[in-house]
Amino acid sequence: MDRNDIKKWFKSPDKMGDKYSLWAIYFCTGCGIIEIPPVITARWDAERFGVIPVATPRQSNLFLITGYVSVKTLRAIIRTYEQMPEPKYTVGFGSCPINGGMYWDSYNTIKHLDKYIPIDGWIAGCMPRPEAIFVAVTHLWTLIDQGKAKAYVKYREKYGLYRKNQEMALGKLDWPPLYTTGGGND
Amino acid sequence: MISALKNDLESIFKDIQISAPEDDRLIINAQKDAVLTILKFFKDKGYDHLAMISCTDWIEEDEFELIYIVGSYSVYAPAAEDITSDKSGVSKEAAFNGGNILLKTRISRKDPRFITAIPVFENSEPYEREIHELFGVDFKGHPRLTPLFLEREYKIPPFRKDFDTRRYVKDFFDQIPFVENKEK
Amino acid sequence: MRELELYFGPQHLGMVGNFSITLKVEGDRIIEAAANPGYLHRGFEKLMELRTWIQNFPLVCRINVVEPDPMEMIYAMAVEKLANLEVPERAHYIRSIYLELSRVSSHLFGLWAYSNMLGFDTVAQWAMYHRDLVLDLFEELTGGRVYHIYIWPGGVRRDFPDGFKDRIVNTLHTIGGCVPDYDAAFFNNRLFYERSKGIGQISQEDAKRLGGVGQVLRATGVKHDIRKAESYAAYNSIDWDIHTREDGDAYSRIWVIRNEMIESVHMIFKLLDAMPEGDAYKKVQNPFKWKIPKGEAYVKIESSRGELGLYMVSNGGDKPYRVNFRTPSYTHGLTILEKMLRNASIADVGNIMISLYVVAPEIDR
Ligand code: SF4
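Chains as they are written, first to last, in the numbering used here: chain F, 2 to 187; chain H, 199 to 382; chain P, 64 to 428.
A couple of the hints might just be wrong.
[As the list claims (entries may be wrong)] Derived DSS-like pairs (lysine-lysine); straight-line CA-CA distance at most 27 Å:
| hint | chain 1 | residue 1 | chain 2 | residue 2 |
| --- | --- | --- | --- | --- |
| 1 | P | Lys-144 | H | Lys-302 |
| 2 | H | Lys-359 | P | Lys-352 |
| 3 | P | Lys-354 | H | Lys-359 |
| 4 | P | Lys-271 | H | Lys-241 |
| 5 | H | Lys-368 | F | Lys-173 |
| 6 | H | Lys-238 | P | Lys-271 |
| 7 | H | Lys-302 | P | Lys-382 |
| 8 | H | Lys-243 | P | Lys-286 |
| 9 | H | Lys-359 | P | Lys-144 |
| 10 | P | Lys-87 | F | Lys-173 |
| 11 | P | Lys-144 | H | Lys-204 |
| 12 | H | Lys-241 | P | Lys-402 |
| 13 | P | Lys-271 | H | Lys-204 |
| 14 | H | Lys-302 | P | Lys-354 |
| 15 | F | Lys-165 | H | Lys-353 |
| 16 | P | Lys-357 | H | Lys-302 |
| 17 | P | Lys-144 | P | Lys-382 |
| 18 | H | Lys-238 | P | Lys-402 |
| 19 | H | Lys-204 | P | Lys-357 |
| 20 | H | Lys-368 | F | Lys-165 |
| 21 | H | Lys-238 | P | Lys-286 |
[Stated by the list, open to error] Stretch by stretch, here's where chain F covers chain P in the computed footprint (C-beta under 8 Å, at least three residues):
| hint | segment |
| --- | --- |
| 22 | 101-114 |
| 23 | 192-201 |
Hints are computed from structural coordinates only; laboratory data are not their basis. Backbone N, C-alpha and C fix where the C-beta goes; we use that ideal spot for every residue, glycine too.
Based on the provided sequences and hints, a complete structural model is requested.
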């Protein structure tokens with residue numbers, strides 16, 4: 002961080018705090034998880050960017066969705082996402098969450114993850130390299146700075162629509178709705 | 199050893215076809231009711247490792263084929279020693295010790311039922327559960343034929359040949375709208 | 064005391080991979096455990112029926128994320144067997160070297176997971192760093208860090224580049240030179256002994272009865288390795304040993320893994336020395352027009368987790384009719400895990416699971 006940043010700190014300390022402490026939830030969703038251990042250990046060292054893995058959703062504010070999402074995992078992802086405190090950021094890692102990737106015709110994987118939970122950014126590639134994660138993180142910083150990383154706000158506002166999509170995929174959900182806002186038809 | 203095994207089998211069991219396409223493979227086609235006894239026979243002969251149970255959907259013949267692949271732990275060790283100590287003189291018998299036996303049987307596709315192999319090989323439990331889920335074959339005597347992998351229910355079990363996954367994806371996943379589009 | 068049902072995973076620190084276990088507990092003793100896989104089920108075997116023989120290569124390697132190379136190997140072997148393809152001698156050597164490198168990288172990954180879980184963070188960092196060095200080799204050879212798609216029916220995709228042998232030797236010396244450090248910090252450490260001795264113990268009979276393979280079996284004293292029993296590639300042409308231990312607990316399993324890793328490094332040196340000159344692949348006809356004769360094949364190899372099998376049926380078309388993988392984690396993660404967890408304590412679940420070396424995508428496929 003250089004000197005000019007200090008001014009920014011004073012202007013909006015919460016934003017800076019968000020930016021430099023992106024704590025990623027430790028959840029191995031798909032095959033992309035194999036690049037996470039190298040990224041968080043000595044060679045690539047994600048801690049330079051303030052990214053560390055944490056154990057529970059309650060402590061985290063970054064959700065890296067590493068790879069394909071099967072229908073069964075989707076349920077766990079929604080549960081985990083809803084437990085994370087705001088502000089929270091989601092990044093889809095790999096081409097599978099974007100559009101199904103090479104499992105475009107599989108009967109058990111979700112094709113477009115953003116139909117079910119909101120996503121702030123995507124990392125394309127199959128499998129993306131560790132550098133790509135860092136590019137994504139710096140990109141996310143910019144978005145946070147500009148106030149554009151607002152997926153969680155969208156989730157709150159359009160919760161009804163998301164919930165409807167989730168129920169279409171998973172059947173009846175056995176937990177109560179998180180918000181009452183954003184019902185289907187408003 | 200392979201010829202001995204073959205002769206043994208032929209003398210004990212009727213109604214089976216045996217072929218040995220390679221030195222270390224034995225393919226047996228058996229009737230439904232003989233399967234467990236043949237498995238037992240192999241287990242007593244030292245083929246104590248059930249590598250897997252597989253299922254193939256022969257839709258044109260309207261049959262499922264169950265394949266039991268049996269190998270061995272115990273006869274490996276001497277054979278392995280032979281191979282390292284005396285490379286040139288590996289006999290056919292020694293090499294065959296590591297072989298596999300493919301035991302196949304056919305069941306009807308309309309009413310897919312079979313009996314469980316758990317009494318003979320305990321590790322057949324997850325395989326049968328998987329075949330039950332993905333092909334819809336019922337194994338009598340299996341303690342828990344509950345879903346293993348799938349979350350949703352499918353009208354046709356997904357690994358059957360008449361289940362069209364591309365069609366399913368179109369009909370199901372593509373119907374779910376994007377949140378952005380719906381607003382407009 | 065009251066019985067409770069506890070859901071362990073998929074989002075859990077003690078869980079490597081997307082997998083979950085339903086535990087029935089009384090106090091902190093587990094009465095019954097039911098593995099609950101399927102979080103990574105993609106229906107591979109179904110998808111492979113819809114793709115041509117050559118299109119399936121990118122798919123197969125995604126079955127096991129930690130070490131995709133044995134998957135390519137086994138699929139290539141099955142295709143070769145069905146289509147009656149010959150492989151040149153040099154390609155056999157290259158394949159073995161490549162597979163052993165992948166075994167080293169996969170064992171280092173396992174070591175990372177295990178030592179991390181036991182709280183040996185330093186060792187975990189080393190292991191992951193050393194694995195990355197091996198990945199650099201892969202990257203130079205194939206262009207991909209994790210997925211390589213290097214083995215091909217009829218050989219390998221391309222020969223070793225210039226000076227690659229030296230770089231393999233260099234990297235392996237770097238890793239091998241740290242073995243004393245690993246030993247001092249981890250393997251001979253009393254804490255490691257005390258945290259893993261007697262955990263997840265299984266007797267030889269039980270391991271055989273429940274279909275254990277690989278380290279799980281070798282840690283109970285069975286000398287069983289497909290590389291010896293049904294030798295493939297070039298494993299038969301060099302001299303090497305199967306390492307076993309007697310106790311069948313987590314401690315023995317990790318020691319078997321350590322010894323195997325060192326053996327693999329030695330094997331690579333021997334293979335590099337014995338490697339003949341020649342072609343690295345045989346020219347095959349245009350793979351996009353392949354039609355493979357009717358038939359079926361069962362092939363098996365030793366992946367770093369144990370016996371990996373593939374049953375494949377062709378009906379004479381340009382696509383496989385049926386593929387079915389027998390993956391080592393399948394029995395380990397379902398039957399053996401459930402058996403070991405009975406009467407264990409909740410704190411040991413992660414320990415047992417990781418010491419069994421279970422890779423979840425391999426179970427679900
Ligand atoms: S994008 Fe590629 S690497 Fe990532 S989950 Fe999908 S198949 Fe795996």
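Against the structure, the hints:
For the suggested pair Lys-144 (chain P) and Lys-302 (chain H), the alpha carbons sit about 20 Å apart, so the restraint of at most 27 Å is met. The hinted pair formed by Lys-359 (chain H) and Lys-352 (chain P) meets the criterion: a straight-line CA distance of about 23 Å does not exceed 27 Å. The straight-line distance between the Cα atoms of Lys-354 (chain P) and Lys-359 (chain H) is roughly 20 Å, inside the 27 Å bound, and the hint therefore holds. Distance hint between Lys-271 (chain P) and Lys-241 (chain H) is fulfilled; the C-alpha atoms sit about 12 Å from each other, no more than 27 Å.
Straight-line distance between C-alpha atoms of Lys-368 (chain H) and Lys-173 (chain F) comes to about 22 Å, which keeps the hinted pair within the 27 Å bound. Among the hinted pairs, Lys-238 (chain H) with Lys-271 (chain P) is consistent with the structure: their alpha-carbon atoms are about 15 Å apart, no more than 27 Å. Straight-line distance between C-alpha atoms of Lys-302 (chain H) and Lys-382 (chain P) comes to about 22 Å, which keeps the hinted pair within the 27 Å bound. For the proposed pair Lys-243 (chain H) and Lys-286 (chain P), the alpha carbon gap of about 19 Å is at most 27 Å, so the pair holds.
Between Lys-359 (chain H) and Lys-144 (chain P) the CA atoms are separated by roughly 25 Å; this keeps the pair inside 27 Å, and the hint holds. At roughly 26 Å between alpha-carbon atoms, Lys-87 (chain P) and Lys-173 (chain F) fall within 27 Å of each other, so this suggested pair holds. Distance hint between Lys-144 (chain P) and Lys-204 (chain H) is fulfilled; the C-alpha atoms sit about 23 Å from each other, no more than 27 Å. About 22 Å separates the Cα atoms of Lys-241 (chain H) and Lys-402 (chain P), which keeps this hinted pair within 27 Å; it holds.
This hinted pair checks out: Lys-271 (chain P) and Lys-204 (chain H) have alpha carbons roughly 25 Å apart, not beyond 27 Å. Between Lys-302 (chain H) and Lys-354 (chain P) the alpha-carbon distance is near 25 Å, which keeps this suggested pair within the 27 Å criterion. For the given pair, Lys-165 (chain F) sits about 23 Å from Lys-353 (chain H) by alpha-carbon distance, which is consistent with the 27 Å threshold. The straight-line distance between the Cα atoms of Lys-357 (chain P) and Lys-302 (chain H) is roughly 17 Å, inside the 27 Å bound, and the hint therefore holds.
Distance check on the hinted pair: Lys-144 (chain P) and Lys-382 (chain P) sit about 15 Å apart at the alpha-carbon level, within 27 Å; holds. Only pairs whose Cα atoms come within 27 Å are accepted, and Lys-238 (chain H) paired with Lys-402 (chain P) is accepted, the gap being roughly 23 Å. A distance of roughly 24 Å separates the Cα atoms of Lys-204 (chain H) and Lys-357 (chain P); the hinted pair therefore holds under the 27 Å criterion. For the given pair, Lys-368 (chain H) sits about 19 Å from Lys-165 (chain F) by alpha-carbon distance, which is consistent with the 27 Å threshold.
Restraint check: the Cα-Cα separation between Lys-238 (chain H) and Lys-286 (chain P) comes to about 24 Å, which is no more than 27 Å; the hinted pair holds. For the segment 101-114 of chain P, the stated coverage by chain F is satisfied: 9 residues place a CB nearer than 8 Å to a CB of that chain, which reaches the threshold of 3. Check on the segment 192-201 of chain P: 4 of its residues sit with their Cβ under 8 Å from a Cβ of chain F, so the three-residue criterion for coverage holds.
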